[in-house]
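**Q** Single-letter residue listing:
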Amino acid sequence: MKTADQNISHSKEKIFLTDVWLETLGKRSEAVLLPIGALFVGFLTFGLFLYFLGKSPLDFYALVYKAGFGTSFSWQNTLSRTAPLLFAALCVALPARLGLMVIGGEGAIVLGGVTFGVLAGSVSGLPGIIAILLLATASMLVAGVWIGAVGLLRHYRGVNETIASLLMAYIAIALMNHLVEGPFRDPDSLNKPSTAPIAAHLRIGDIPGWDVHWGLIAGLFCCLVSWVLLERTTLGFAARIAGGNIRAAQVQGLPVGRLILCFTSLGGAFAGLAGMFEVAAIHGSANASLASGYGYTGILVAFLARQNPIAIIPVAILLAAFEASSGLIQRRMGLPDATVLVLQGLVFVSILLSESLYGRFRIFYPVSQESEK
Amino acid sequence: MSSTLFSRRNFLKVSAALAGSYALGSMPKLANAGSHGLTVGFIYVGPKDDFGYNQAHAEGAAAVKLMKGVNVVEEENVAETVDVQKTMESIINFDGAALLFPTSFGYFDPHILEIAPKYPNVRFQHAAGLWLADKHPMNVGSYFGYIGLGQYLNGIVAGHMSNSKKLGFVAAKPIPQVLQNINSYLLGARQVDPAITCQVIFTGEWSLAVKEAEATNALADANCDVITCHVDGPKVVMETAAGRGSYVCGYHANQSPLAPQKYLTGAEWNWSGVYTRMVQTVLDGGAIKNFDRGGLAEGYIKMSPLGPAVSDAARSQFKDTEAEMLRGNFAAYKGPLRDNAGNTILSAGESLVETDISLESMNYLVEGVIGSTS
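Chains as they are written, first to last, in my numbering: chain S, 1 to 373; chain G, 1001 to 1374.
Hints are not guaranteed to be accurate.
Derived pair list, reagent style BS3-like, types lysine-lysine, alpha-carbon separation capped at 30 Å [what the hints assert, rightly or not]:
id: 1; chain 1: G; residue 1: K1211; chain 2: G; residue 2: K1235
id: 2; chain 1: S; residue 1: K55; chain 2: G; residue 2: K1065
id: 3; chain 1: S; residue 1: K66; chain 2: G; residue 2: K1211
Computed footprint of chain S on chain G; a stretch qualifies when at least three of its residues, placed anywhere within it, have a C-beta under 8 Å from a C-beta of chain S [to be verified]:
id: 4; stretch: 1069-1078
id: 5; stretch: 1090-1098
id: 6; stretch: 1172-1185
Hint data in this document are derived by calculation from the structure and do not stem from the laboratory.
All values reported here derive from a predicted model rather than from experimental measurement.
Quick reminder that beta carbons are idealized off the backbone N, C-alpha and C, glycines included.
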């Protein structure tokens, strides 16, 4: 009697395991194939748009490929635009786990860069690596506090984080302008107010053999860390619970306020790194060029990646390739600069629309299909 | 579900039709159309039809386009970030450009300085006086014009046409180049009437339409009846000021189409002359000077044709001063001159001619300008 029972439950378990496996496979492929499908729908729609403008969609995509991935220069072009997008997207994706829509990453980028530019002079006596680590910490701290404040305002005062973060980005840019044009202006920067140039040993160089700075590696690393944090730690799990239903999380005794503070400030800190690399690897001093819109493109990246830190990597590379190709498209096809923005917009809308299709394609649900029979 | 299928099928049909039509059509032309002759690249920080800084350069590019044996490639809205570095490299690698004009001030340091050493056979020409023989690569050059003189001529016409004796100036940032334009505008007007004042409002950004409109309206409210500006795209200032009944003086490019009746004159860049000369030098196998500057006489700047409203008195003083400038070594800044905080800038007998390098680091507003640099 006992053995028969065991046998039955054993075979049940087997069926159950296959089902679980199939279900997971279905869901995983849905999560990958649906956005890719939406991406191609966006491409096709844009192709129609071009067609009606009298331009060749095939030429267009051939040029995008050539300028984005076609040559080794194209790859370096694309990848050198990728780093800030990775950081900026994390600033959106991390708070998004808690259901917070932070769109003011631009402000954190700007402040991270200014912090590096302003403080670089005071640590230039230290060896390069130590000084850079100290400065990076300071940049992350300032930018983290900035976006963390958005989270706290949300939690304690009920201020809408989307509006607050956007408005604070404007304040951050004004603050930067004040600092680089006022107290920290290098008197030699006549017609382009900037902080003093940072010392040569504080500059961050390129990955050996490449024309791409170390920010790319740092960005990839931060994406991995974020993924582990969200998917493989109790903190990430708690954040997802709170993001799903904040009341339930509170009833469970989860420290919602601390979670919000943690994820918003971590997102801000990553954005601060973007600004730091802009100053240390590109500009060599902090100035108004820091506010160049990476924070806003980051929103697009995070949404296209459905707030998944690993998915952010290919999406950021793809959008960087679009931007890398924008010039060649202007030059060869006579299309305006805004063309790539239209493409990005169409892809964005198409991916957002695809969100409503989850669970609508039976092929991704083999198990429930069977049980319906 | 059926509706999804239907639209999907429809979609496939359309895309198949599209693909078919292209299979019959020509293959994509990816090669550079003009692989013969000299390829010249122009890079702009904003839109090339902004009625301002970028349009002035684009007009220069258009003139180069007409030259024989030259291909022109252009790219607009290129940010002063890694974007411009990669754009320069892309134009060199994909289009084979041998001469580049990255036109925005902020492209020079660090971007041109970063890229130029990698491409010693490409010439990088930058619009500003930043090139230093002892510090910068030899394949980089600087050129710039004394456009402050154009604002001085604007001021002369404005001085004649103003009834309120109050002029207005919408300015981007309190940097030397802008301060020089503001001061020159007032000093020109004071040649007509030493009691004239000029109110200045800084918007803080090179291109910020809303603030430019607000500033222009504030100036009109303050009874400033001739308004000019130094922002990247003067379109908003011109249209708003003319709409409020003020006269306007242009800057960067010719804005008279925006306000035909109210436009008096304007200080314009003459890049078509400058660029065709430089390109011709390269075509002839010569070397472009690494550092070149000039004013009216050298064809670096020009004035918009005088508008219909300009009085005869204004016209004649304008022409006289213009003729004086064309003879060279014109000094708009003559002592005794004080700044608007009362500090002496120049004592009696001192003067700064157009070529004086100290003008490039101006950090004051002269007496008569209402406003502050900080």
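**Q** Evaluate each hint against the coordinates.
**A** A quick look at each hint next to the structure:
no.: 1; hint: G:K1211 - G:K1235; in the structure: 13 Å, holds
no.: 2; hint: S:K55 - G:K1065; in the structure: 23 Å, holds
no.: 3; hint: S:K66 - G:K1211; in the structure: 40 Å, violated
no.: 4; hint: 1069-1078; in the structure: holds (count 6)
no.: 5; hint: 1090-1098; in the structure: holds (count 5)
no.: 6; hint: 1172-1185; in the structure: holds (count 5)
Hint violations for this structure: number 3 only, all remaining hints satisfied.
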